[in-house]
Amino acid sequence: MTDNAARSLFPGALEMMILESLRRQPAHGYALVLHIQQRSNNLLQVEEGSLYPALQRLLKAKLLKAEWGVSSTNRRVRTYQITASGLRKLEQQISSFERMFEGIALVLNPGKASTR
Amino acid sequence: MNWMPSIFRRRKLQDDLSEEIRLHIEERSEQLMGEGMAPKEAERQARIAFGNRTLVEERSREVWQWPTLESIWADVRFALRQLRRSPGFTIAAVLTLALAIGANAVVFGMLNALILRPLNVPQAQSLYGIEHGSDYGYQSYPDYLDLRDRNRSFDSLAAFTGTQVGLDTGKDASRVFGYQTSGNYFDTLGIQPYLGRFFHGSDEHGVNSAPYIVLSYAYWHSHFQDDRGVVGRIVQLNKHPFTIVGVAPREFRGTLLLFSPDFFMPAVNQEQLDGENNLNARGVRWVLEVVGHLKPGVTPAQAASDLNSVGSYLAKTYTKEDGFKSFTLARPGLYGDLLGRPARAFLTGLMLLAGLILLAACANLGSLFAARAADRSREVALRLALGSRRIRILRQLLTESVLLSLAGGIVGLAGSVVLLRWLSVWRPIPRFPVNVPVSPDAKVYLVALALALVSGFLFGIVPVRQVLKANPYEIVKSGSSARLGRRMTVRDVLLVLQIAVCAVLVTSSIVAVRGLVRSLGSNFGFEPRNAMLADTDLKMAGYTGDSVQAMQRRMIEAVEAIPGVAQVASANATPLGGVAVKPAVFKDETRDMRQSNAAATAFQYDVSPNYFQAAGTSLLAGRTFTWNDDKSVPREAVVNREFAKEVLGSVTDVVGRYFRLSDGSRVQVAGLVEDGKYMSLTEDPQAAMFFPMLQSTSSQTILVVRPKGDLGGDQQQLASAIRSKLRDLDAELPLETETWTNELDDAVMFAPRLATVSLGVLGIMGAMVAITGIFGMAAYSVSKRLKELGIRVALGAQRKELLQAALGRPLKLLAIGSGAGLLLGILATKVLAFIVYQATPRDPLVLAGVVLAMLLLGLVATWIPAQRALSIDPSILLREE
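Protein sequence lines, in the order shown, are assigned to chains S and R. In terms of the working numbering, the first sequence is residues 11 to 126. In terms of the working numbering, the second sequence is residues 1414 to 2294.
No lab work stands behind these hints, which were simulated from the structure alone. Incorrect hints may appear among the rest.
[Stated by the list, open to error] Going by beta-carbon spacing under 10 Å, a handful of chain R positions derived as facing chain S: (1) Glu1433; (2) Glu1439; (3) Gln1444; (4) Phe1463; (5) Gly1464; (6) Arg1466.
[To be verified] With a straight-line Cα cutoff of 35 Å, these simulated DSBU-like cross-link-like pairs (lysine-lysine) come out: (7) R:Lys1425 with S:Lys72; (8) S:Lys99 with R:Lys1425; (9) R:Lys1425 with S:Lys75; (10) R:Lys2121 with R:Lys1995; (11) R:Lys1425 with S:Lys70.
Since we're looking at a predicted model, the values are computed, not measured. All C-beta atoms, glycine included, are put in the ideal place defined by N, C-alpha and C.
Sequences are here, hints too, so could you generate the full structure?
Rendered as structure tokens:
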């Protein structure tokens, strides 16, 4: 259930993906889910609901802001947008994440220096 | 809630979230429909893809919450709702806890005030009293002086003793109680006066040199109306002028816990009050209590060995005065170990019992809680299935139990505070300034609240295993199936245990009550019923020497003249009157009058002619006294049987034989009377001797007035007649009249009655706890087996069979517990026999009483569950499922 879904990602991964998606363009919750699923070639099976607590955490930390509006398909949606501090946070996270990933890759596959 | 803007905002956030999620699912299902799915299926798939919506909402909300506090508040509100839904359970639980915690608070309050809390003096931790062999806290004045001047362990040593005097402020003479103290008393204790000054060691210049008194704050407040002008005023103590020099601070109540004095006076002036000087008699060791602060760094053991080296010096120096024993240190306040030891033992025992009751109450509530948790297993399973974390459910249960225990604790504490306050102002013996200062302090509140919290967790934790093990799938599928095993569970053992405890308490309280009733009707060696006592001390009105006896005779004659009075006699003390001397007596052939050569110690009473008739003591041989037995005839005495046995060696042919007193004087036995009770109802037979009043000098005068026929309702009339007759003789005589029965009630019955009342209260509480326990189990077993019982009814079970099925188990446990408790109770009452006269469990009435009480208890506890079992309607029950 939710626990399993959360376990398949490491803590903070979902938040990072949300921030990254929103850096490209503001979106509402449903669009964000679709985006993440597509971008990961459906490799990451994120339970749709688990997005919302993460969104609330980001909202509370003022990394995002939200606004009710109307979408291009003429639906009432709540659109999320990344803030300046959200951008800064994302850069930090990506760089630390890359460093970590590089480290892990080196330990797992000595010789190969790059990831996919 | 709407007074908090932040909560407003929060509500908006939550509404936004719900709306957002709703739109999300809608969008997903529309998309699925666009792909050609049927609307219903599309919506289902959308929901599955979304996951647990409630959980998502909750998790999202939690982000915004002030996390734990807010969810605890939610738990509290939910718990309150749950409790409100079962008021019977709530009230029973709160009451049980209130009683159990209240009992603990009361007992702890007493323990705290009497044993744990030191005397209210500066640096009380280093204050010790000096005990001397079996004389406990008492020393003679010369010994005190030597101890004070020769020890190297104490900063200084002060001495004090209780005294009662007639105090005349110019308006009216009244009997007051105070301390005779050494001059350095206040300085040794480190007390500062509230008003005026204290007397000091430097005020003492020999006998009767310091005619000063210090008033206690309470007495100044009640008798001088806070008049600051009292300092310097002269008052009469036993007709001798004393100057009021100061008032003690309000919080200083002397150095005895149970005896708060009205005033303090220097002991060097005791001759003026007592009419004779007993400050020079080294051998009279029953005089003064000695206390002092240890020097810094000196341990009590070092101090004791220091004192004992003084003691061996004294033993070598004063060879004539034998009887030096070793010195020990004790906490002051309860007459050293004399009262301290039994008080400690009694209160510790009570505390243990109270703790047991609380434990039993926790066990009961725990099993009630487990039963409730089991009844709610469907709800719990549902919540688990819906994704609630187990910890949340446990927290919910714990919140409920802690709420209950806090409510119980607060009610119990409030009750105990009332009780303790009442105890503190209670005067068990109206004639004496005795009270039990047990007002609760912060420590008591803390202990009660801690007990409440601990017990809340204790019984809240019982269902935890049950919840943790719960498998939601199984429970939802099969319903809460009754799996009542046949073997004894922990719950059964707990129930048996507390029924046993309850039976012990019930047994011992019935034994105590029986003993009390029997001791009221037993033979005291005198007949208190119908007789009236009039108590005065002639030296308080200024009589000394021969004028005392002349006055006593006039008093007797005056009261004899009252119509309806049969006999009047006078005595310096009455048996069981609390104050009596018990000097050593010697065989006639003894010449060396050392204490160690004494044949016995015997209670001594100085009595007038007619005393034995008036008191109702039967004369077995010889004669009683006449008015001719005065100082002109050789000394003679009436003795009791025990005296004859111990001193004269036989109880026959004793009249005319002789014995000796410690001054060597020879006394002839004039008569023999029956044995009686002299100090306490539980004492072994004691030797007693009665001397003719005209051969003594005691000014203490107790008239024993025996009316013709039954006194009945004429007590008040007789009392006022006696008072007016005696006022005619001397208007300034401090006087108290009381029926002899009441007098005994106050003095002698105090301890056994206290023991009986506390046991009774504990017994009732034990019974209540056992009732809730049995009730809990019976109600649980009936509700668990409703379906089974319904089927039994449908198949034609009779009422008896039904009840047997429903209540057999709790009743079996009741029987086992009661049996065990009865046995234990019988063993426990051996201890009780020391306090309560003739407390014996080998008494058919006691056995019957216990069995009846336990049966009644079972009946009360199972009544409601039995009714429920009997009213089962199988058709309704089977339809429901």
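Cross-check of the supplied hints:
1. Taking 10 Å as the C-beta cut-off, the interface hint given for Glu1433 (chain R) holds, the closest approach to chain S being about 5 Å.
2. The restraint placing Glu1439 (chain R) at the interface with chain S holds, with a minimum CB-CB distance near 8 Å, inside the 10 Å limit.
3. Hint on Gln1444 (chain R) holds. Least Cβ distance to chain S is approximately 9 Å, under the 10 Å limit.
4. A cut of 10 Å between beta carbons decides the hint on Phe1463 (chain R): the least distance to chain S is about 5 Å, and the hint holds.
5. Annotation: Gly1464 (chain R) was flagged as interfacial toward chain S, and the flag holds, the nearest CB pair being 4 Å apart, inside 10 Å.
6. About 6 Å separates the beta-carbon of Arg1466 (chain R) from the nearest beta-carbon of chain S, less than 10 Å, and the hint is met.
7. Between Lys1425 (chain R) and Lys72 (chain S) the alpha-carbon distance is near 17 Å, which keeps this suggested pair within the 35 Å criterion.
8. With a C-alpha separation of about 27 Å, the suggested pair Lys99 (chain S) and Lys1425 (chain R) falls inside the 35 Å cut-off, and the hint holds.
9. Restraint check for Lys1425 (chain R) and Lys75 (chain S): the C-alpha separation of about 15 Å stays at or below 35 Å, so the hint holds.
10. Restraint check for Lys2121 (chain R) and Lys1995 (chain R): the C-alpha separation of about 33 Å stays at or below 35 Å, so the hint holds.
11. A C-alpha spacing of about 14 Å is found between Lys1425 (chain R) and Lys70 (chain S), which places the hinted pair at or below 35 Å, so the restraint holds.
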